[in-house]
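Chains as they are written, first to last, in this note's numbering: chain A, 1 to 407; chain B, 408 to 814.
Accuracy of the hints is not assured; some may be wrong.
Computed beta-carbon distance windows for the label pairs [stated by the list, open to error]:
1) A/ALA288 - B/GLY675: 28 to 36 Å
2) B/PRO583 - A/PRO276: 23 to 31 Å
3) A/PRO57 - B/ARG523: 50 to 58 Å
4) B/VAL694 - A/ALA112: 42 to 50 Å
5) B/SER788 - A/ARG264: 30 to 38 Å
6) B/PRO661 - A/ARG238: 27 to 35 Å
7) A/GLY346 - B/ARG645: 31 to 39 Å
8) A/LEU43 - B/ALA491: 54 to 62 Å
9) B/ASP522 - A/ARG264: 24 to 32 Å
10) A/ASP226 - B/GLU608: 50 to 58 Å
11) B/ARG645 - A/ASP226: 28 to 36 Å
The set of hints was computed from the structure by calculation and includes no laboratory data. Since the model is a prediction, treat every value here as computed from it, not as a measurement. Here a beta-carbon is modelled for each residue, glycine too, at the ideal position from N, C-alpha and C.
Protein chains: 2
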Amino acid sequence: VTWPRSVLPMAVRAGIVVTGTEVLTGRVSDRNGPWLAEQLRQLGVDVGQIVVVGDRPDDMRSALAHLAHSHDLVITSGGLGPTADDLTAEVVGQFQGRPLVLDQQLEKRIGAIVDRLVARFGGTLDPAATAAGTRKQAMVPAGASVLEPTGTAPGLVVPAADGRTGPPVIVLPGPPRELQQMWPVAVAQPVVHAILVAAPELRQRTLRMWGVPESELAAMLRRAGDAFDGLEITTCLRDGELEIVSRYRVQAEPAQQRLADGIRQSFGDRLFSDGPTIDELVVAALVANGWTLAAAEAGLGGRTTARLTSYQAPGPVLGGLVVARRDPADDATAPALARNVMALFGADAGLGISGPGQDGEPVQIAVITPGGEHARSVSVSGPAQFVRERVSALAMHQLRETLTAAH
Amino acid sequence: VTWPRSVLPMAVRAGIVVTGTEVLTGRVSDRNGPWLAEQLRQLGVDVGQIVVVGDRPDDMRSALAHLAHSHDLVITSGGLGPTADDLTAEVVGQFQGRPLVLDQQLEKRIGAIVDRLVARFGGTLDPAATAAGTRKQAMVPAGASVLEPTGTAPGLVVPAADGRTGPPVIVLPGPPRELQQMWPVAVAQPVVHAILVAAPELRQRTLRMWGVPESELAAMLRRAGDAFDGLEITTCLRDGELEIVSRYRVQAEPAQQRLADGIRQSFGDRLFSDGPTIDELVVAALVANGWTLAAAEAGLGGRTTARLTSYQAPGPVLGGLVVARRDPADDATAPALARNVMALFGADAGLGISGPGQDGEPVQIAVITPGGEHARSVSVSGPAQFVRERVSALAMHQLRETLTAAH
Chain A
1 VTWPRSVLPM AVRAGIVVTG TEVLTGRVSD RNGPWLAEQL RQLGVDVGQI
51 VVVGDRPDDM RSALAHLAHS HDLVITSGGL GPTADDLTAE VVGQFQGRPL
101 VLDQQLEKRI GAIVDRLVAR FGGTLDPAAT AAGTRKQAMV PAGASVLEPT
151 GTAPGLVVPA ADGRTGPPVI VLPGPPRELQ QMWPVAVAQP VVHAILVAAP
201 ELRQRTLRMW GVPESELAAM LRRAGDAFDG LEITTCLRDG ELEIVSRYRV
251 QAEPAQQRLA DGIRQSFGDR LFSDGPTIDE LVVAALVANG WTLAAAEAGL
301 GGRTTARLTS YQAPGPVLGG LVVARRDPAD DATAPALARN VMALFGADAG
351 LGISGPGQDG EPVQIAVITP GGEHARSVSV SGPAQFVRER VSALAMHQLR
401 ETLTAAH
Chain B
408 VTWPRSVLPM AVRAGIVVTG TEVLTGRVSD RNGPWLAEQL RQLGVDVGQI
458 VVVGDRPDDM RSALAHLAHS HDLVITSGGL GPTADDLTAE VVGQFQGRPL
508 VLDQQLEKRI GAIVDRLVAR FGGTLDPAAT AAGTRKQAMV PAGASVLEPT
558 GTAPGLVVPA ADGRTGPPVI VLPGPPRELQ QMWPVAVAQP VVHAILVAAP
608 ELRQRTLRMW GVPESELAAM LRRAGDAFDG LEITTCLRDG ELEIVSRYRV
658 QAEPAQQRLA DGIRQSFGDR LFSDGPTIDE LVVAALVANG WTLAAAEAGL
708 GGRTTARLTS YQAPGPVLGG LVVARRDPAD DATAPALARN VMALFGADAG
758 LGISGPGQDG EPVQIAVITP GGEHARSVSV SGPAQFVRER VSALAMHQLR
808 ETLTAAH
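All chains should be modelled from the sequences, with the hints used to inform the complete structure.
Right, here's the structure in full:
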């Protein structure tokens with residue numbers, strides 16, 4: 001939820017069209033919308049709406065018309081491949097009043113890229129089909145700026161044709177790697193740059209609390225009256241953590257400071273972070289103590305081990321042991337798991353989690369450090385995936401609390 | 408991409424409005440849109456567009472107007488909490504011409520739920536604030552159907568007011584668990600049911616290939632002419648797998664059969680699945696051989712272990728070992744990892760992956776079964792996350808190939 005007093009002066013708004021039936025039908029989760037939203041935020045631009053459409057020209061056209069109406073800039077992702085069903089360039093060109101024309105130089109450059117790929121992967125590609133695909137990708141709206149391919153597909157910046165109004169459309173490829181590599185070139189185009197220079201800095205800061213109901217924070221914000229005006233405050237509860245994100249212009253920095261101070265005053269150490277995630281704090285606490293860690297978990301599908309070991313090595317976490325079977329959660333299981341995995345990896349500290357059994361059955365979490373052994377029992381009800389996420393979060397917080405107390 | 412001949416007769420289209428600044432800004436990935444899309448597909452309903460908006464009434468209003476224009480049913484998720492910034496009920500009510508009225512019976516029922524929650528969690532809730540929140544949640548558009556809360560928030564089915572046209576709007580809470588529990592009640596409401604009975608069955612089938620470029624499949628589909636008419640075919644390349652999803656009405660079942668046969672004929676055993684994921688196939692192949700498995704991976708962040716152990720125990724995978732440090736990828740490392748983890752868990756078979764080193768450096772993958780030892784070296788270039796996903800996919804496919812050859 002966003003706090004109602006939140007009034008953020010929004011100078012520049014961007015809208016995003018994500019294309020792809022696989023995204024629309026939920027088989028693939030969109031990574032481009034969130035990535036673009038954060039890049040735009042860093043440029044001071046607010047994302048107003050994201051529209052997801054399938055590979056259907058009517059839907060794409062209506063999404064463009066919808067977003068162009070209330071946004072200063074429109075960005076599309078996907079639909080730039082070599083086959084006829086990839087129709088973003090054509091639809092955007094029509095929408096902006098710029099029919100497609102063949103860019104012969106671009107056709108040669110794409111042809112060279114495709115030749116290199118064919119040489120690399122070998123294969124039985126039909127030359128006529130390949131040439132047709134290359135030509136299709138070299139058809140660009142007349143007067144559009146071409147963004148050089150980072151895969152095989154060029155991107156585009158397509159302003160409205162002379163005599164038309166409406167925002168320019170940035171057309172980017174769907175594969176996240178290609179889109180991300182092309183982004184800096186897209187924002188450097190004069191027609192885009194001219195819009196972005198109007199956007200003042202938009203700051204974002206995150207506070208994280210543990211063990212606080214959203215309603216208690218809401219009551220505290222209400223009591224504060226207008227002290228936090230100028231901040232757009234969004235709160236979000238997940239895995240038992242309450243995340244408080246403020247977005248604000250530079251002049252509201254004092255209000256953000258008042259917010260952080262007020263929350264610290266009201267909630268003490270239940271405010272556990274002014275930025276870093278719990279995973280990052282656990283790693284930092286290990287480093288501060290000069291300890292290495294190994295983790296063992298039963299019946300959680302490797303969730304906690306993946307969180308702890310996903311950082312770039314070398315780090316203080318040496319590894320983990322994932323036991324698929326759920327052990328009985330007696331008092332001895334979790335400490336034994338922790339001790340065994342410490343011995344296996346030669347680690348200074350250990351985390352042991354006896355797997356969640358049936359819904360709501362107690363789970364033991366044990367943290368062993370050179371300073372002692374801290375075990376406790378928790379109980380979480382709900383679907384298996386929910387229980388796993390919550391138990392993993394409980395273990396990470398128990399780990400952080402034990403490590404920071406030891407320090 | 409969606410194959411261009413794809414023409415799916417769409418009798419009923421639904422549009423979805425996802426609300427929440429945390430989703431719009433990319434901090435939380437939306438789980439409701441994909442879940443609803445699959446539920447609707449099972450009811451024969453096609454999702455046309457999904458619009459993501461922040462907690463801002465103007466954007467929500469414009470999203471509703473946009474979707475109402477070209478859809479038979481509109482569904483919203485989120486924005487039903489007790490605070491004033493949760494404004495979905497109010498905005499939808501205005502949009503449908505139905506001002507909010509207090510439902511006193513509903514207020515009592517929500518009050519009872521809140522009392523139970525307060526009793527359970529204790530806490531320092533302000534009674535006046537709680538009562539105000541309860542009353543706010545009991546304000547419903549006049550003439551709307553109330554869906555009983557599965558958390559504290561009621562859902563709504565809001566038809567257009569008399570004299571207005573446009574689709575009914577189903578208003579659902581944001582937390583996925585609450586939304587999912589409420590869904591069956593929502594679709595059973597007469598005004599929704601009347602729309603759904605018009606939707607013929609919409610089937611979906613998935614074929615999965617490994618080691619086939621998208622362009623080769625495209626060439627094969629082109630050569631087939633009109634043999635697959637009636638199928639909406641979407642192809643999607645991820646982690647090196649090519650996923651081919653068809654959606655079709657019952658009468659196109661023969662076309663789907665022709666597609667499956669044609670792909671099998673053209674690509675042989677590179678078509679590895681007509682439904683199940685590679686993870687499911689690995690587990691099935693273990694069961695078919697009557698073998699248990701343990702896995703050890705270095706420097707991959709626990710990706711493969713999590714995939715293998717995330718199924719409900721008891722299963723054939725006993726567990727995994729995640730080594731954070733990257734070992735040198737000499738010929739001996741991966742087989743040694745596999746043998747050590749087999750011994751640790753007492754498993755019949757083992758998977759060992761020597762961690763990816765620097766970008767593009769070779770990675771060893773070893774599979775040991777009672778039938779023998781199969782090791783090979785692969786090399787993947789790109790960002791760390793990309794390399795991890797791809798190496799994990801390579802390992803899963805090597806595992807399946809070895810296990811099915813042994814069977």
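Hint check:
Under the hint 28 to 36 Å, the C-beta atoms of A/ALA288 and B/GLY675, about 56 Å apart, miss the expected range. Between B/PRO583 and A/PRO276 the beta carbons are some 26 Å apart, a value that agrees with the proposed interval 23 to 31 Å. Distance hint check for A/PRO57 and B/ARG523: the Cβ-Cβ separation is about 52 Å, which falls inside the suggested range of 50 to 58 Å. The hint said 42 to 50 Å for the Cβ distance between B/VAL694 and A/ALA112, and at roughly 49 Å that hint holds.
For B/SER788 paired with A/ARG264, a C-beta distance near 46 Å fails the hint of 30 to 38 Å. Separated by about 46 Å at the C-beta atoms, B/PRO661 and A/ARG238 break the suggested range of 27 to 35 Å. Between A/GLY346 and B/ARG645 the CB atoms are about 38 Å apart, so this pair conforms to the stated range of 31 to 39 Å. Hint check: A/LEU43 to B/ALA491, Cβ distance near 31 Å, so the stated range 54 to 62 Å is violated.
At roughly 31 Å, the beta carbons of B/ASP522 and A/ARG264 sit within the given window of 24 to 32 Å. Taking 50 to 58 Å as the suggested C-beta distance range, the pair A/ASP226 and B/GLU608 conforms, at roughly 56 Å. At about 49 Å, the CB distance of B/ARG645 to A/ASP226 disagrees with the hint of 28 to 36 Å.
When each numbered hint is compared with the structure, violations occur for hints 1, 5, 6, 8 and 11.
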